[in-house]
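Number of protein chains: 2
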Amino acid sequence: MNTFFFTRILSYCTLLVCLSSATVAAKSGDPLPSWNNGASKTAIMQFVNKVTKKGGADFVPPAERIATFDNDGTLWIEQPMYVQLAFALDRVKAEAPKHPEWKDAEPFKSVLANDMNGVMASGEHGLLELIMATHTGMSVDEFNQIAKYWLTMSKDAKFNRPYTELVYQPMLELLSYLRANGFKTYIVSGGGVEFMRPWTEKVYGIPPEQVIGSSVKTKFELVEGKPTLMRLPEMDFIDDKDGKPVSIQKFIGRRPIAAFGNSDGDLQMLEWATATNRPHFALIVHHTDAEREFAYDRESTVGRLDKALDEAGQKGWTVVDMKKDWKRVFPFQK
Amino acid sequence: MNTFFFTRILSYCTLLVCLSSATVAAKSGDPLPSWNNGASKTAIMQFVNKVTKKGGADFVPPAERIATFDNDGTLWIEQPMYVQLAFALDRVKAEAPKHPEWKDAEPFKSVLANDMNGVMASGEHGLLELIMATHTGMSVDEFNQIAKYWLTMSKDAKFNRPYTELVYQPMLELLSYLRANGFKTYIVSGGGVEFMRPWTEKVYGIPPEQVIGSSVKTKFELVEGKPTLMRLPEMDFIDDKDGKPVSIQKFIGRRPIAAFGNSDGDLQMLEWATATNRPHFALIVHHTDAEREFAYDRESTVGRLDKALDEAGQKGWTVVDMKKDWKRVFPFQK
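Taken in order, these protein sequences are the chains called A and B.
Residues in the first sequence are numbered from 4 upward in steps of one, following the numbering used here.
Residues in the second sequence are numbered from 4 upward in steps of one, following the numbering used here.
These are computed hints drawn from the structure, not numbers from a lab.
Some clues are possibly wrong.
Note that identical chains are pooled: a pair holds if it fits in a single copy or bridges any two copies.
[Stated by the list, open to error] Derived EDC-like pairs: lysine to aspartate or glutamate, alpha-carbon spacing no greater than 20 Å straight-line:
#, residue 1, residue 2
1, Lys187, Glu67
2, Lys229, Asp118
3, Lys205, Glu67
4, Lys112, Glu98
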């Protein structure tokens, strides 16, 4: 062995030491820097520490570390209206020239007149009609392109930002922290599954196959000889309230050990995740920050948090006080 | 640095070299030892090589390496009857004392008299009735226990083996080979999803969340105050034929780049996987081995392979001749 080779080995070993020091430093750093120290952050970290401690009484094997997250109001904004509703309204306007009949028919007439009270007055049936008119009648691939394009081009009213920037920085850190600890992170949302899948991997690090949501029926058919999945104007599944535990079992086949939500629509998911003797964790994001985001709970029509807030109190679930617990809300708020 | 440390570094480096040699040796070994050399094995390996070759024209990123497998007749036996039907018949017999009315009502009467012709004469409606009577009315957890217990206790008629031993060794190797090359392996079966999930991880290395199948509706409810998912006597989804591409999109949200089946029930899945400009692979297991397993295709009522065999020929899909291509069929056949 000549000196050159010896020096190379030394350099290589030094590099290894440096690299492993860097890893240790990263590991010993705060994995949740946008969370203020307090009960919420402590509860999260204590839970993760106990289920990942090998040989500990509460150890959970990695394969069973399933964590489910609601999307609207838990990972990104939902006020003043669900992002997907904003999408539907924009799509009605874009498609109106092809549908002259919409000028005189509710709820389309109100949408075209920017009359939100009129839209809301059409009730659940009217909203469903809007969704069907804008979300179906095309192939799955086409719809994904439409959703992706709209999200690139659209901005919200309050922050004038693309919706994909209006995601909660502390929750992004929480997703990464859980994954770094062997958790598999899922979205379980009342929103449309194909509205989320085009962007969740890039924004949340959650791949399409870990996104569960509401869906319309689809049909496999040959379109000009080409196998195609067409979106039909018929609901397949509404992934909200009682539907969340149902879809979790249907898609994952395991009970989550941790569940995260922000509204009464998430209550049953949190009940399902916590109704076991195994270690479990439930967290509710309480929107208390009118200045940096929005403040709403029991009286809100969008993302109402009422029963779940009571039950969280009774059952000792972690309730995040957005104003108090989060150093910043969005990634762009330094 | 003293000599001791230098020696330690040297030993460490030697160890590294040894380890990496071992890895190379393992890698250069045959990943598909139960496959005879021939067109099928070559086609599989050429496909895997090209999609995993970094910088190659056909490289597919790991996240998109989705492979979907039918179960009955593709990964385990399906003759002389689907395993799940054998389960249903056994369950009728086990539950008969609680249902005196079954003695006089078809299809139960024929089941209790071991009259398979009578059972079959009850048609699709009768079979559905059998499935509902034996697969629903209990919680998801209870059903999983029942299915698991039955599989532990039951043996097939021809080989006198537990069904979970009647899985195809070459396909087990193929599953492992694909996973070792970054593929995510899924089951997409006409069989009941909850009948498969209790054992697929142990037998195939496929976790519950990567098992897609037919399903009944479930309902979230409080049973004695405890959140429970009850199985209802109503079909939710039949995951066969046209249903396979539909469920693949619903559950995975990506098109597979490789699909594996054995019957006309898999045809649309294979069409869907291959109707792209991306690299893709389709394989059909043709049951040609009456001695070691069963021989059946165009005329069989179980696992009929007719249209898909024609289309495989036209489209150049890989058709495995079980008798010729497989050195052994089951793990116990050394």
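A quick look at each hint next to the structure:
For a Cα distance limit of 20 Å, the shortest separation of Lys187 from Glu67 qualifies both inside one copy, at 8 Å, and across copies, at 17 Å. Taking the closest pair of Cα atoms, Lys229 and Asp118 never come within 20 Å of each other, the shortest separation being 41 Å inside a single copy and 45 Å across copies. Taking CA atoms no more than 20 Å apart as the test, Lys205 paired with Glu67 passes between copies only; the shortest distance there is 14 Å, against 24 Å inside one copy. With identical chains, the CA atoms of Lys112 and Glu98 are at most 20 Å apart within one copy only, with a shortest distance of 13 Å there and 59 Å across copies.
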